[in-house]
Amino acid sequence: MRPLCDDESDSPQAITRDYTLDIHDENGKAPLLSVFGGKLTTYRKLAEHALEKLTPYYQGIGPAWTKESVLPGGAIEGDRDDYAARLRRRYPFLTESLARHYARTYGSNSELLLGNAGAISDLGEDFGHEFYEAELKYLVDHEWVRRADDALWRRTKQGMWRFVVNADQQSRVSQWLMEYTQQRLSLAS
Numbered sequence: 189m190r191p192l193c194d195d196e197s198d199s200p201q202a203i204t205r206d207y208t209l210d211i212h213d214e215n216g217k218a219p220l221l222s223v224f225g226g227k228l229t230t231y232r233k234l235a236e237h238a239l240e241k242l243t244p245y246y247q248g249i250g251p252a253w254t255k256e257s258v259l260p261g262g263a264i265e266g267d268r269d270d271y272a273a274r275l276r277r278r279y280p281f282l283t284e285s286l287a288r289h290y291a292r293t294y295g296s297n298s299e300l301l302l303g304n305a306g307a308i309s310d311l312g313e314d315f316g317h318e319f320y321e322a323e324l325k326y327l328v329d330h331e332w333v334r335r336a337d338d339a340l341w342r343r344t345k346q347g348m349w350r351f352v353v354n355a356d357q358q359s360r361v362s363q364w365l366m367e368y369t370q371q372r373l374s375l376a377s
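Converting from the sequence shown to the numbering used here requires adding 188 to each position, the first position being numbered 1.
By construction, these hints were calculated from the structure, which means they are not laboratory data.
Where hints are given, some of them may not hold.
Each computed DSS-like pair below joins lysine-lysine, with the alpha-carbon atoms no more than 25 Å apart [said to hold, decoys possible]:
no., residue 1, residue 2
1, Lys325, Lys345
2, Lys241, Lys227
3, Lys227, Lys217
4, Lys255, Lys217
5, Lys345, Lys227
6, Lys255, Lys233
7, Lys227, Lys255
Cβ pair distances, simulated, as ranges [said to hold, decoys possible]:
no., residue 1, residue 2, range
8, Tyr245, Asp314, 46 to 54 Å
9, Thr229, Gln371, 32 to 40 Å
10, Ser309, Leu209, 19 to 27 Å
Using N, Cα and C, we set each Cβ at its ideal position, and we do this for glycine too.
Using the sequences and the accompanying hints, generate a full structural model.
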């Protein structure tokens, strides 16, 4: 769900899916940038405009560079279906659905997730619906996931499939995350 900017039109269809940026400051210091509206397909452009608005307040903000850049995981050389097929050739134990999921969700970063796995058992515990420990570990190590909601709802959307990922499985994901993050924190200290 995302907020839409009401342009005070009588027609609900006329409510814009564009975005509005509003900046407030106290005598030129400590800016507060508010973002209203927007849509997923324009978030890159929105972010560039947001940085443009903040440029007067922060030295060193360079020009926009993301338009032609390959984002993390985007170096798949071809389309996602081709990449999923290449994943299956390299990791023959992957099911077609799992290879498609990794290709769609992680792109070329799938290889970081899979590492040297030679069998499905190397991916660790299956939390349900082919959601393996290796994927959860990748999410913690590379995408700042800290809670089950982060992994199941915000990042992978596994939680949307309630008929597949049940309460017990969600609880197990929470428990695993707690244990893994505690272990990582103790190693860091």
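Going down the list of hints, with the structure as the test:
no. : hint                           : result
1   : Lys325 with Lys345             : holds (16 Å)
2   : Lys241 with Lys227             : holds (19 Å)
3   : Lys227 with Lys217             : violated (29 Å)
4   : Lys255 with Lys217             : violated (30 Å)
5   : Lys345 with Lys227             : holds (18 Å)
6   : Lys255 with Lys233             : holds (8 Å)
7   : Lys227 with Lys255             : holds (17 Å)
8   : Tyr245 with Asp314: 46 to 54 Å : holds (48 Å)
9   : Thr229 with Gln371: 32 to 40 Å : holds (39 Å)
10  : Ser309 with Leu209: 19 to 27 Å : violated (50 Å)
Hint compliance for this structure: hints 3, 4, 10 are not met, and every other hint is.
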